[in-house]
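*Asks:* Sequences listed follow chains A and B, in order. Counting in our numbering, the first sequence runs from 1 upward without gaps. Counting in our numbering, the second sequence runs from 1 upward without gaps.
Worth double-checking, as some hints may not be accurate.
[What the hints assert, rightly or not] Calculated pairs, DMTMM-like style, for lysine to aspartate or glutamate (alpha carbon to alpha carbon, straight line, at most 20 Å):
{"id": "1", "chain 1": "B", "residue 1": "K248", "chain 2": "B", "residue 2": "D127"}
{"id": "2", "chain 1": "B", "residue 1": "K248", "chain 2": "B", "residue 2": "E64"}
{"id": "3", "chain 1": "B", "residue 1": "K94", "chain 2": "B", "residue 2": "D180"}
{"id": "4", "chain 1": "B", "residue 1": "K206", "chain 2": "A", "residue 2": "E46"}
{"id": "5", "chain 1": "B", "residue 1": "K8", "chain 2": "A", "residue 2": "E46"}
{"id": "6", "chain 1": "B", "residue 1": "K204", "chain 2": "B", "residue 2": "D180"}
[Said to hold, decoys possible] Quick list of simulated restraints, FRET-style, between CB atoms:
{"id": "7", "chain 1": "A", "residue 1": "P11", "chain 2": "B", "residue 2": "F22", "range": "17 to 25 Å"}
{"id": "8", "chain 1": "B", "residue 1": "G252", "chain 2": "A", "residue 2": "F32", "range": "46 to 54 Å"}
{"id": "9", "chain 1": "A", "residue 1": "F32", "chain 2": "B", "residue 2": "W63", "range": "40 to 48 Å"}
{"id": "10", "chain 1": "B", "residue 1": "L14", "chain 2": "A", "residue 2": "G69", "range": "36 to 44 Å"}
{"id": "11", "chain 1": "B", "residue 1": "L19", "chain 2": "A", "residue 2": "L58", "range": "21 to 29 Å"}
{"id": "12", "chain 1": "B", "residue 1": "M218", "chain 2": "A", "residue 2": "W8", "range": "24 to 32 Å"}
[As the list claims (entries may be wrong)] Not the full set, but computed from the structure, chain B residues with beta-carbon under 8 Å of chain A:
{"id": "13", "residue": "N42"}
{"id": "14", "residue": "N43"}
{"id": "15", "residue": "F45"}
{"id": "16", "residue": "W47"}
{"id": "17", "residue": "F53"}
No lab work stands behind these hints, which were simulated from the structure alone. A virtual CB, placed ideally from N, CA and C, is assigned to each residue, including glycine.
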Amino acid sequence: MSFSWMAWTLPTALFFLTILALLIGMSIWEYFAPGGSPRVGILRFETTRGDRLFISLLGSAFIHLAWLGLIGPNLWWALALAVVYAIGVFRFV
Amino acid sequence: MEKTWNNKAWFLVLPVLLLVAFSAAIPLMTVVNYSVQDTFGNNAFFWAGTDWFDDILHSARFWEALQRNLLFSFIILALEIPLGIFIALNMPKKGIGVPVCLVLMALPLLIPWNVVGTIWQVFGRVDIGLLGHTLAALGIDYNYVRDPLDAWITVVVMDVWHWTSLVVLLCYAGLVSIPDAYYQAAKIDGASRWSVFRYIQLPKMKRVLLIAVLLRFMDSFMIYTEPFVVTGGGPGNSTTFLSIDLVKTAVGQFDLGPAAAMSIVYFLIILLLSWIFYTVMTSSDADN
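All chains should be modelled from the sequences, with the hints used to inform the complete structure.
*Replies:* In structure tokens:
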């Protein structure tokens with residue numbers, strides 16, 4: 001089966017493999033600590049760790065877009081900021 | 001009662017997961033791949049990096065279409081949700097009036113989008129349309145082909161006509177599920193009509209209203225067919241929403257890279273706004 005019509009590139013393949021690895025990691029985490037560890041953080045509503053991953057990924061996408069629109073095309077600092085943001089989400093949200 | 005955890009139940013989700021993979025995940029991955037490349041056809045692609053995203057984020061055309069879309073969705077929600085609640089509250093709860101009202105309400109929902117567009121395109125024409133001709137006879141200067149405000153009013157009224165029924169039916173389903181005991185208790189307490197609405201009917205409708213708001217927001221934010229048929233995005237670009245702009249870029253100009261980048265930004269905005277709506281409404285529900 002050929003997937004050439006999907007126009008894969010190495011960076012996009014790595015991007016999706018990272019997402020897949022995150023989902024597998026979250027599933028393993030859920031297996032060992034079931035229930036999603038719900039809690040009420042600084043946003044004042046209950047979130048599970050799946051919610052926190054969603055907020056991290058969605059926020060990271062907007063961080064990258066904002067960096068690209070306001071600062072420039074070098075996105076390594078945006079990636080670093082997104083990682084810090086994701087750690088913050090998992091720690092405080 | 002304690003919940004029973006059985007992880008084998010996840011296998012039941014597998015068919016849906018496969019369906020979503022083929023109908024959503026794989027096309028979305030393809031769009032991401034296209035968004036970082038350029039193509040001139042013949043399945044040949046050239047790396048473009050973040051150029052298309054850069055172009056989109058600095059494009060006045062994109063931001064103007066986005067503003068139009070946000071304004072349109074805001075107007076639609078501000079009109080359709082209160083109107084839908086009002087009609088549902090005044091619909092009969094028993095007797096022959098119930099099926100008559102339900103059928104009447106369901107009728108606009110059964111009409112395909114392009115047919116709705118065609119109906120309103122003819123309806124609004126000054127020369128042959130009932131609405132346009134009547135307004136002209138009354139001395140009102142109405143022409144949706146020439147005037148941007150008239151085009152907006154036509155598109156908004158058309159959407160209200162087409163989709164308020166959905167809000168009505170959802171609210172009505174919420175209302176008829178309220179047990180009579182609530183109304184009897186309110187009557188004994190001497191509650192006013194407003195108090196019955198505020199403290200009994202509105203809280204009981206909250207879940208269906210969440211669905212109504214989410215559906216109407218997502219649908220109005222993705223609206224394409226009706227305004228395309230009625231105004232074609234004009235006059236000028238006054239009714240060119242993001243979806244119309246996107247189709248012009250992807251199909252009209254065959255710029256697949258910029259169109260893919262625009263699709264991803266569009267998708268992220270819908271995802272963010274839908275998540276905010278859902279979170280605000282479900283967390284206020286949990287507080288209550």
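*Asks:* Determine which of the earlier numbered hints do not hold for this structure and return their numbers in increasing order.
*Replies:* Hints 1, 5 and 13 are the ones this structure does not satisfy, whereas the remaining hints hold.
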